Structure formats: C-alpha cells, structure tokens
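Peer 1: These are the residues of each chain, in order.
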Amino acid sequence: MNTVLQAQGLGKRYGRRWALTDCDLEVPAGHVVGLVGPNGAGKSTLLNLAVGMLTPSAGSVEVLGAAAGTQQAKVGYVAQDTPTYARLSVADHLRLGARLNPAWDESLAQRRLQHLKFDPKQRAGKLSGGQRAQLALTLGLAKRPELLILDEPVAALDPLARREFLQDLMEAVAEQELSVLLSSHLVSDVERACDYLIVLVDSRVQVSGEIDTLLATHFRLTGPRRDPKDLPRDQHVVTESHTDRQSTYLIRTEKPILDPAWNVTQLTLEDLVLAYMGRDVQPERPVLEVQR
Amino acid sequence: MIWLTWRQFRVQFLVVASVILAAAIVLALKGPGLADEYRQLTTQFIQNLAFQRLNPLLYVVGQVMLYAVPPVIGAFWGAPLIARELETGTHRLVWSQSISRSRWLATKVGVTGLTAIAITGLLSLAVTWWADPIDKAINAGQDSNTYLPRMFPPVFSARGLVPVGYAAFAFALGVAVGLLVRRTVVALAVTLAAVILVEILAPHFIRPHLLAPTEQYIVVTSDNIRGFGLSGDGPNPRVVMIEVASGAVGGWKLSDTTVNKAGKKVGLPNWVVDCAPRPPGGSDGATVSSRGAVSAKAAACYQRLADEGYRQHIKYFTADKFWPLQWREFGFFLLLALALTGFSFWRIRRDLS
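Residue numbers (full-length UniProt numbering), protein chains in the order written: chain U, 1 to 292; chain H, 1 to 353.
By construction, these hints were calculated from the structure, which means they are not laboratory data.
One or more hints might be untrue.
As the list claims (entries may be wrong) - Heads up, incomplete: computed chain H residues facing chain U, CB under 7 Å, no partners named:
#1 G89
#2 S96
#3 D351
Unchecked claim - Selected chain U positions facing chain H (in silico; Cβ < 7 Å):
#4 P56
#5 Q72
#6 A73
#7 Y85
#8 L100
#9 L215
#10 T217
Small disclaimer: the values here were computed from a predicted structure and weren't measured.
A virtual CB, placed ideally from N, CA and C, is assigned to each residue, including glycine.
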C-alpha cells in the first residue's frame, strides 16, 4: 500500500518553542484522514510542513514518496481561513487555477460553480465565509491532486455550511479517488468525513490509525478498584480514574478482554479522542506505564 | 503567472503610467518648439525664457516628477508586491498552485520591476530630451538664476539614467522591506521615507566617490574670487572661508578649501578681511559678492595671499563628466537593486507562514 505521508522524527521549532516534536507518522493512501487536536497543538504546523510551506527543524517528511513541497502539482492545499484574493472575481480565481496548474480540470471547476450557484463575476471579497471556503475547495479539487490537504477548512463556518462543505468534499473524494488530510478541532467534523484519525496534542502525535480499527481496539473497563500493574500486559492504559472502590480504565488492546470482573463498554469516537486529548502528556514513556 | 501579476498590478500601473505618459506626451509636443527657440535666439535663449509661462513650468514639473517617481514606485509598486500577499494570507493560496515560490517571485518582480524601469526611463528620456536646449545654453555659459548646470546635484538627479537607477533601487527596496515587515502600510511608509532620504543623501555621500574629480590648486585673485564667508561683529568681521571659480563652465565643484604653502588645510589669517569688499550694512556671516572695482587695500591683500603661499584647493567634476558619472551612479543603484532582489529570493525560500 502506498503512503501519502511519512514523517520521521519530524519537528518544527519557532524560536525556542517547539510547535511539533518527534512526529512519526505513516498515512496510507486512499483515506480521508482527520487530524484532530486542541488549538495550538501543532496541526497547522504539521500540515504546513507536509505541503512545504515550512521546512522541518528536525527529522523529515515525505509526501507521495518525495520530500514535502517538491511535487506541488500532485498536492492540493486549502489553507487555514481559506484565503482568496478579495479583489479578484470568482472567474478570475478559476483562471488563476487554470494558468498555474498543468492538470487543471476546467469542467469540474465549472460544474462545481454551477452547482454552488456562484456568480462568476462576483468578487471573492464579497463572498460569505462558506462560499469562500467552497471556492478554495474548488481550486484545490480542480487542480486534480493525488492528495488534498485542508487546514481547518470549516472552522469559520456555521453548522449548515459546515455540513455542505464536508458533503461536497466527500462526493469529490468518491469521484476523484484522492486521499484527503484535513485538520479540525471538532470531532464531529472528523466523524462525518473521515475514516482515519490522527490525534495531535501538545505538539505530539498521541494516536493514529483507521477509525474502525481504533474503535475496535479501545474499551472502557469499569469494575472493582484495581492497580494498573495488575492489568494484562497487552492492555495499554490510555486513561484511568479511581474512586475508593471502583476503577475506570480506558485501554487499548488487540486481544479479547477475558476478565469477568470488568464491565466492558465500547467507545464512541468522541470518547476516544477526548481520552487522548485529556490525559496528561508523558511523552517519553510507553503508554502502558502508570500515569500519575 | 504573468496574467495574475498583471491582474493584481494593473490599477497601480494605470495610475502611475497615465500620469507619466501624459507628461511625456506634453514634453514631446513642446520639445521641438523649445529647440527651435534655442536655434533662433542662441545667446538670448535663457533670458527670453523668463518671459514665458509654459516652458519654465514644464522645467519644474519634469524635475519634480523625476524626483517623485522613484519613491512612488518603491512605495506603491514595490512595497505591496509581497507584503499584501503575506498580510492577507493569499500567498498560501498561490503557493499551493503548481508553481514554485521562486518562479512566482521571479515573475512578479520581473514584470513589475521591468515596467518600473521602462516607465521611469520613458519619463527621464522625455525630460532630458526636452530640457536639452536649456542645459546646453547653461553649459555654454548663459547666465541664469533659475536654471542650474546639469552637473549640479539637483539637476543631475533628474536627467539621464540616474532616475532609472533610483527607480530600480526603490522598487527592489520596497519588495525586500515588504517581505521583511509583512505589513503593507508599514512597508510603504518605510520605503517612501528611505527612498526620499537616498535621493537627498546620494548626491553628497555617494556621487562624489563614483569618479575621481579634477583637482586644482588656484591662487586667489580679484578675478577668480567668487565670494567670502564672513563672521563676527559687524564692524570687525573675520573671513572664515573663501570660494574661487574653477574656470570650468557647467562643472560641479565638490570642495574648495584654503591650503598654505605646504599644501596643508588651514584657516585664513585675520588680515584677509581686507580682500573682501566692505558690505554696506555689514551684516553677519553673509557671503558677499566681490564683483566690482577693487580697492588698493584689497589688491595688496590679494598680493599678500599669493606671496605667503595661500592657495585654494578645489575638486570638481567638469561638464564633460556628465555621462560617465551618470553611468556610474546608474550602475551603482542597479547593483544595489540586484543585491536587494537577491535577498528577496533568498528570503522567500525560507519559512514565511
């Protein structure tokens, strides 16, 4: 299977602050990948590194098998806040796309504009936030990339525009067979659109994998109070909480849970993401160690 | 990419270009008439200009425009070129198309910068060509209080190649400043101020060093004296400096200092005040013209200056150094522009998000 994104020891420093540290990632092709994490976790930094807007301070990142930023024609990018030229019209933007991209798909762009009921003569500065995002998405899609990267594309949109945008994205993905990497700080966006998840907290990747697999390997265990050391070795603790008599663990395991003392429940995606986001970050230690 | 550059640039271009084009057309239309007048009036030409209205006005307008164009181009064409993109975030849109940053910058800088050079060149050509009869008449020795020889700093900067060099420099500076400060308005203001400062300072701090000036040691006589710098009380003034004529018509004198027998720069002795004609009111610190009859006392004073070995050490550029000096200054600022552009290309490859 091809990888669209491969990062090894990737890090980015701004002055003294590391915005991204020790990032190891391998994202297979053919997925819609959701990159989630709280604001300031380093999502934008990771995406900017992937498209070559930024250069790594440490490690390396490869996109579609080549160093990031070297295959601009194959990678589409819809930047945060979906910037457009306020003084240029919608038609001008398409013309820009047509002139600057060798594989430009004019009929696709035109189809999308008609579908969105855009007036080609309207200046981009007069469009609503949702329309601007749609215009930026149109540019990204009509470029016919193999990988489309979107940085918080729906962050500024109202719920309806959000839904429409993601719907359009999904339709395009189905038609064009492209891989998508999009970031969001909302799990609901990811749930709606993505089949692959990366959780980034405090400049580190906490977990990544196909959402179905992640949901099938994470469980909540509730039962009588027990020390984490007594758990089987293959059960990796993500979070734990204890009362006097009861313990609640959120664990990752590939094996069936055999202990009858536990009350085992499935997690929703939101539970899972929140668990990874909410835990104390103790980066150097493996997950199974006790966390204080 | 050229289309996009033009699409973003056309408003600024049309504003500046229409003004310059209008001026060039007027100058082109009026030029032959002025040249005719010079042919007919010859030595009376400059004198006659004083009775006209349009041509003296055109002279000033051409001068002012050539001074204004480089700062305007730097501030309104150069500074926003990258700064506006960085400010509005559109660089992230355009850089995510299938075009490298370097090519993007090359096209933007190339198209806009060459346009800046061409349009300034056009204006400078029109002004230089139109003013040629006036410059010639002045260099031929016609007297005027309004028109200066073209070697003189105020005129030199508004003729020939120098304005083009300034414009190229101003544009490259604007681009580089915009790339550094990333704020259109700040970049615009900084560039405007910097270019105006360069226009003021270059004639005094850069131009004299571009070419070796002609040097001469001249004995002061009542014939070649141009003026005295006096200071002190009304009845008892002191001469602090004297100036002599270089004898080179239309030349630009850089320095004029008094040296003693040994060739060392010295102050003037007290008795030199005898050389100076007595001012009627005796005003302080005034440079008084010494034209007119020379008294016996003054003649003795000049004789004593010569006998004791005092001479004036003067440095100047002769009028025929006009084009060599123009090329040097143009080349100097073009090199600066290239260096600044090189910096911009280096900077654009680094992180900007």
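Peer 1: Each of the hints needs a verdict: does it hold here or not?
Peer 2: Okay, the hints, checked on the actual structure:
1. For H:G89, the shortest C-beta to C-beta distance to chain U is roughly 4 Å, which falls under 7 Å, so the interface hint holds.
2. Restraint check, H:S96 versus chain U: the minimum CB separation of about 4 Å is within 7 Å; hint holds.
3. Given the 7 Å rule on beta carbons, the hint for H:D351 holds: about 5 Å separates it from the nearest Cβ of chain U.
4. Annotation: U:P56 was flagged as interfacial toward chain H, and the flag is violated, the nearest CB pair being 10 Å apart, outside 7 Å.
5. Among the interface hints, the one on U:Q72 holds; its C-beta lies about 5 Å from the nearest C-beta in chain H, closer than the 7 Å criterion.
6. Given the 7 Å rule on beta carbons, the hint for U:A73 holds: about 4 Å separates it from the nearest Cβ of chain H.
7. Because the beta carbon of U:Y85 sits about 5 Å from the nearest beta carbon in chain H, less than 7 Å, this interface hint is met.
8. This hint holds: U:L100 has a C-beta 4 Å from the nearest C-beta of chain H, less than the 7 Å allowed.
9. Among the interface hints, the one on U:L215 is violated; its C-beta lies about 33 Å from the nearest C-beta in chain H, farther than the 7 Å criterion.
10. Nearest Cβ of chain H to the Cβ of U:T217: about 35 Å, over the 7 Å cut. The hint is violated.
Hints 4, 9 and 10 from the list above are not met by this structure, while the remaining hints are.
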